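Chains as they are written, first to last, in this note's numbering: chain V, 1 to 130; chain R, 1001 to 1539.
Possibly wrong hints are sitting among the right ones.
[Said to hold, decoys possible] In silico lysine to any residue, SDA-like type, Cα no more than 25 Å apart, as pairs:
| hint | chain 1 | residue 1 | chain 2 | residue 2 |
| --- | --- | --- | --- | --- |
| 1 | R | 1283 | V | 34 |
| 2 | R | 1535 | V | 80 |
| 3 | R | 1283 | V | 101 |
| 4 | V | 63 | R | 1220 |
| 5 | R | 1283 | V | 63 |
| 6 | R | 1380 | V | 101 |
| 7 | R | 1519 | V | 34 |
| 8 | R | 1283 | R | 1406 |
| 9 | R | 1443 | V | 17 |
| 10 | R | 1443 | V | 12 |
| 11 | R | 1443 | V | 22 |
| 12 | R | 1519 | V | 24 |
| 13 | R | 1519 | V | 104 |
| 14 | V | 63 | R | 1214 |
Just so you know, these hints were derived from the structure itself, not from any lab. Keep in mind it's a predicted model, so treat the numbers as computed, not measured.
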Amino acid sequence: MTSPMDERRLLTPEEYRQAQDSPEFTELRRRFRRFAFPMTVAFFTWYLLYVLLSTYADEFMAKEVFGNVNVGILLGLGQFVTTFLITQLYVRHAGRNTDPIADEMRDRLEHHEYARKTPAGGDPEGATRA
Amino acid sequence: MPETLLAADETVGEPAVNIAIFGVFVLITLVITFRASHNNKTAADYYAAGRNISGTQNGLAIAGDYLSAASFLGIAGAIALYGYDGFLYSIGFLVAWLVALLLVAELLRNTARFTMADVLAFRMRQRPVRMAAALSTLAVCLFYLVAQMSGAGGLVTLLLGIEGEAAQALVVVLVGALMIIYVLVGGMRGTTYVQIIKASLLIAGALVMTLWVLTEVGFNLSTLLGDAAGNAGEGVDVLAPGAQYGATSTSQLDFVSLGLALVLGTAGLPHVLMRFYTVPTAKDARRSVVWAIWLIGIFYLFSLIIGYGAGALVGPNEIANAPGAVNSAAPLLAFELGGTVLLGIIAGVAFATILAVVAGLTITASASFAHDVYASVIKKGDVPPNGEVRVARITAVVIGAIAIGLGILALQAGLNIAFLVALAFAVAASANLPTILYTLFWKRFTTQGALWSIYGGLIACVGLILFSPVVSGAPDALFPDVDFSWFPLKNPGIVSIPLSFFLGWLGTVLSKETPDSDKYAELEVRSLTGIGAEKAVPH
Chain V
1 MTSPMDERRL LTPEEYRQAQ DSPEFTELRR RFRRFAFPMT VAFFTWYLLY VLLSTYADEF
61 MAKEVFGNVN VGILLGLGQF VTTFLITQLY VRHAGRNTDP IADEMRDRLE HHEYARKTPA
121 GGDPEGATRA
Chain R
1001 MPETLLAADE TVGEPAVNIA IFGVFVLITL VITFRASHNN KTAADYYAAG RNISGTQNGL
1061 AIAGDYLSAA SFLGIAGAIA LYGYDGFLYS IGFLVAWLVA LLLVAELLRN TARFTMADVL
1121 AFRMRQRPVR MAAALSTLAV CLFYLVAQMS GAGGLVTLLL GIEGEAAQAL VVVLVGALMI
1181 IYVLVGGMRG TTYVQIIKAS LLIAGALVMT LWVLTEVGFN LSTLLGDAAG NAGEGVDVLA
1241 PGAQYGATST SQLDFVSLGL ALVLGTAGLP HVLMRFYTVP TAKDARRSVV WAIWLIGIFY
1301 LFSLIIGYGA GALVGPNEIA NAPGAVNSAA PLLAFELGGT VLLGIIAGVA FATILAVVAG
1361 LTITASASFA HDVYASVIKK GDVPPNGEVR VARITAVVIG AIAIGLGILA LQAGLNIAFL
1421 VALAFAVAAS ANLPTILYTL FWKRFTTQGA LWSIYGGLIA CVGLILFSPV VSGAPDALFP
1481 DVDFSWFPLK NPGIVSIPLS FFLGWLGTVL SKETPDSDKY AELEVRSLTG IGAEKAVPH
């Protein structure tokens, strides 16, 4: 059994480069960013819109929808709903789309499989550290 | 109005009951802290609870760390007095967690060991970046600590029936001393248990009050809102935006600025980031943020009911005239509903809240000093085993003492607590978050970019505050008699956050150093796959 310290030293810069250049990592990064980045833009815009409406469109926000419940309170509760929703969507996305690749790559990195996968013409010995 | 005058003279409830319930909490947490101390041998034990905290436990602890007295008493009170504008606060505090969930928590857990600087310095020149990150960590922690400490002093007048500056100062010293004991003896594990117990009590207490209020209005939200609106003062519409911030175009812009700092600050708060290192894997970090989002979100929904409930059942006049003013809404409502016992429980929970938050802040600040400044910058990594933890313990005592001193000063200067917390968020959003995001996602980012972004954000934030109406030139300023203010806003975020992003970009494109692409490959692969991530300590 290696300690976490040893394991970190055992991976060479070449291995990380190989892993980073691999098609599976490109796919992992793409899947991670494809969800995280647009979703961040979406919730941030929606939050900003809500803050701006509350600040500069108070008459609209004060409009009653039913009873004493007005647009502002409904949109505010909507922020809670979208936050919970995005949280659960992310959990599902990660479990289905990124975790399997990440787990497989971690396993292969632990077995130093990327050390042997050198590009054509490369020296395989150069990628492994004694 | 003889009734309100009466309320101003008397402390509600029975101080002895409040003190007894608080005493029981302190006793139980101290016992648990001492039991947790047996396993505090290595740095990973002391700073990160051996990385053995489960995702669910950590979610509760995060809620315990995050739901400070400002968000419990402050938000409920703001909703009771200003209605809608108080609600806006809680939304910013909640939505902010999505930044942590989607972009920060897991990647940070996979790459860093103990502090925020671990990831910021990962592919940069170590010493300057660690120094900068440690300084901004200490700044955020100190602002936040001082806010909580002076909040504790302010609470005693209301809850324990103690009055006078000396007595308030004594309570701040007591809170500080307890906090130092938790951190010294229990380390991160003890602190975590304190936060878990506190979060459970707080959420349970809020649930009881919420259900009680809803029973009073027949579970009809519209009735509750109507009662609160009917009770509100002349010309104040607690159901519409603008009661607190709508007066002028400056105050409107101020609110947008605050909203920006709230939503971007959370994922840059060092004591929140540090909690991600206490779980075994990145998946547990994700699980803990998911738990935290649900717990915090539900708690803020409770706060909405409690706030409007206080407005409807207690009335804004009585709240505004009570000792502790806006902060007294939740305790007064508890007294109205459940009498002495419920008030005692809520008062005890409020104190527990402060203790748990300050303990988390102290351990974060001491870890940052010991791990980043002492071990990396001063000793250049050459420290004997356990030397770092020894320094961290000494630092915890020093920081505790500083926080006690500044807390008493802030209390006597009458500094607004909510403002100090907002300032901590603004510094976190300006100095920390841009650098964290650039480090994780921008390949070309360099040391110079990191330094410009951290120092630029920190200096802009604190500098603009110095020249704002908070410090001088306004009746409620720190120095009301002089006027050297030229920056009109009380919240600097709308200027300092974009500025820090811009400086990070500018510093990078202007720097001559080539980014370390090997290190970026390592950072990227480690952050997304979890290879080489710190493992839990077996016991």
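Now the hints, each set against the structure:
For the hint linking residue 1283 of chain R to residue 34 of chain V, the alpha-carbon distance of about 19 Å falls within 25 Å, and the restraint holds. Among the hinted pairs, residue 1535 of chain R with residue 80 of chain V is inconsistent with the structure: their alpha-carbon atoms are about 34 Å apart, more than 25 Å. Between the alpha carbons of residue 1283 of chain R and residue 101 of chain V the distance comes to roughly 14 Å, so the proposed pair stays at or under 25 Å and holds. Taking the CA atoms of residue 63 of chain V and residue 1220 of chain R, the gap is near 19 Å; set against the 25 Å cutoff, the hint holds.
Our distance criterion of 25 Å between C-alpha atoms is broken by residue 1283 of chain R and residue 63 of chain V, whose separation comes to about 43 Å. Restraint check for residue 1380 of chain R and residue 101 of chain V: the C-alpha separation of about 37 Å exceeds 25 Å, so the hint is violated. Between residue 1519 of chain R and residue 34 of chain V, the direct Cα distance comes to roughly 24 Å. Compliance with the 25 Å bound is thereby established for this hinted pair. About 39 Å separates the Cα atoms of residue 1283 of chain R and residue 1406 of chain R, which puts this hinted pair outside 25 Å; it is violated.
Restraint check: the Cα-Cα separation between residue 1443 of chain R and residue 17 of chain V comes to about 13 Å, which is no more than 25 Å; the hinted pair holds. Between residue 1443 of chain R and residue 12 of chain V, the direct Cα distance comes to roughly 19 Å. Compliance with the 25 Å bound is thereby established for this hinted pair. The hinted pair formed by residue 1443 of chain R and residue 22 of chain V meets the criterion: a straight-line CA distance of about 17 Å does not exceed 25 Å. With a C-alpha separation of about 20 Å, the suggested pair residue 1519 of chain R and residue 24 of chain V falls inside the 25 Å cut-off, and the hint holds.
Taken as a hint, the residue 1519 of chain R and residue 104 of chain V pair is honoured in the structure, with Cα atoms around 22 Å apart against an allowance of 25 Å. Taking the CA atoms of residue 63 of chain V and residue 1214 of chain R, the gap is about 24 Å. The hint holds against a cut of 25 Å.
Hints 2, 5, 6 and 8 from the list above are not met by this structure, while the remaining hints are.
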